[in-house]
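J.: The chain contents come next:
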Amino acid sequence: MEIKTTAVAGTLESSDIQIMISKGTNGIDIDLESEVKKTYGDQIKKVITDTLKAYGLENVKVKATDKGALDCVIKARTLAAAQRATETSDKPDLEVL
Amino acid sequence: MDKVVDLFLNNNSTKQKWEELLSSLGLHDFSEREVDVLDHTIGLENDEGNLVGTGSVAGNVLKYIGVKNDEGEQGARFNKVVTALSQYLTNEGIFHSFVFTKAKYAESFEHLHFNLLAKTDQAAFLENGTPDVTDFVAEIPKVEDQEHKKVAAIVMNANPFTLGHEHLVKRASEENDLVYVFVVANDVSLFSFDERFKLVQEGTKEFTNVKVVSGSDYMVSPATFPAYFLKSPDDLITVQTAIDAAVFKKQIAPALNITRRYIGKEPISRTTHYYNVSLAHELGPDIEVIVIDRLQKDDQIVTANKVRQLIKDGNLREINKFVPETTYKFIKKNMPELQSRIEKGMNINGN
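Protein chains in written order, with the working numbering: chain A, 1 to 97; chain B, 1001 to 1351.
Hints were generated in silico from the structure; no laboratory data involved. Even glycine gets a Cβ: it sits at the ideal position worked out from N, Cα and C. Be careful, since some hints might not be right.
[Stated by the list, open to error] Straight line, CA to CA, 25 Å or less: simulated DSS-like cross-link-like pairs of lysine-lysine:
no.	chain 1	residue 1	chain 2	residue 2
1	A	37	B	1104
2	B	1170	B	1149
3	B	1265	B	1211
4	B	1142	A	23
[Unchecked claim] Some residues of chain A that are not near chain B, with every Cβ distance over 12 Å (derived):
no.	residue
5	38
6	42
7	50
8	53
9	54
10	55
11	65
12	70
13	71
14	75
15	76
16	86
17	90
18	92
19	93
If we strip away everything but chain A, and leave its shape as in the complex, we get:
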């Protein structure tokens, strides 16, 4: 799967996460901002990485701004951003979830 454009999904409101995805060159590179980064940073990054890999993306620059999102929310937002970035929103591959 190829990233065609920069894309965003999610909001900055409580219990949500905003994911911005753009073309990368160096694997899945995640820049995460979260108040619970110390405790859950690794877990949040893992969910994002797994979701992107499952969607067939390997080189991605991710900016994630977490406001206390649960894993299911992180997955959903990452998937939505990935679909927008690859311009495949019209044929969603929901199996990934």
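Mind docking chain B on chain A? Use the hints.
T.: Relative to the frame of chain A, chain B by itself:
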């Protein structure tokens, strides 16, 4: 639950409510310079339909963000306003945004993943999204073993590129191993960015150790610097200079091993003179500021301002004295177009 609504400031009663809200939050500058450039404004209405928050976008810059925080969770309204603005920008295809704000609000933006580019006691400058300043400096061409070389920089608007600019570049080129010429990217000048950039490239071709690069959004120009959050409009130049210098010193110079900056001595424009003095103050001691005397032709100081006046007067022969061949050819070819831009109201007296 607060509701996000679009605000249309051309409606007088909407504008009045908007100004009242911001005034109550300590923002008082609603001059045309600041308000006319806004592309979009959103508001936040509480259950009673009162305006409790707002934010605006001008190009890729967030402006006039203010929220009332009397009830509910701290920061919720602020986050909602910034979300709404960032969604608007995303829809417009803008993924990289900036904010200039009071220093004390820098942290609120940092919580939303804005990256602090520069901060003074009065103001802060932050960016969000991608590509960011790290990507910007990574893409600038470099030379081998650059960390051991003598590297200098010049920032110019070059509106247009004159023999004075050439003189400055020549000196820097002779005295250093590598020279970066940053061309200011804001399109508010008689010559468009593309035209200015091309003329600088052509005019410096003979200097092999000179690299011409776009200043992108990181050379903060007084023309576009928002001042609405400052205590007094008189602070504009001081604060803008300090922010501009801090971005250069902290974000640009270290990544490119720049240790010197060349500027032209300013005998005429008070703005530029003041800028030069405070620039030297802000950049030191890490970066040495070298002031070069202006080039003179026929007992006249060469300035781009003079060239613009001559374009207005259509005096090609006089122009030829002040600009290199490449710029002269361009002006000769595009004289009617340039003159029509001036006629349409392009200000040629600034920088």
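J.: Take the hints in turn and mark each one as holding or not.
T.: Now for the hints, and whether the structure bears them out:
1. A:37 <-> B:1104: holds (24 Å)
2. B:1170 <-> B:1149: Since the Cα atoms of residue 1170 of chain B and residue 1149 of chain B sit roughly 18 Å apart, the hinted pair holds (cutoff 25 Å).
3. B:1265 <-> B:1211: holds (22 Å)
4. B:1142 <-> A:23: Since the Cα atoms of residue 1142 of chain B and residue 23 of chain A sit roughly 23 Å apart, the hinted pair holds (cutoff 25 Å).
5. 38: holds (15 Å)
6. 42: Its Cβ never comes within 12 Å of chain B, the nearest being 18 Å, so this holds.
7. 50: holds (22 Å)
8. 53: Consistent with the label, residue 53 of chain A stays out of reach of chain B, its closest Cβ about 20 Å off (over 12 Å).
9. 54: Residue 54 of chain A clear of chain B: closest Cβ-Cβ about 23 Å, beyond 12 Å.
10. 55: The assertion about residue 55 of chain A holds, with a minimum of 19 Å to chain B.
11. 65: violated (4 Å)
12. 70: At about 18 Å from chain B, residue 70 of chain A clears the 12 Å cut-off, so the statement holds.
13. 71: Check passes; 20 Å lies beyond 12 Å.
14. 75: Non-interface label stands for residue 75 of chain A: nearest chain B Cβ at 20 Å, farther than 12 Å.
15. 76: holds (16 Å)
16. 86: holds (15 Å)
17. 90: holds (18 Å)
18. 92: holds (19 Å)
19. 93: holds (22 Å)
The structure fails to meet hint 11 from the earlier list, while all remaining hints are met.
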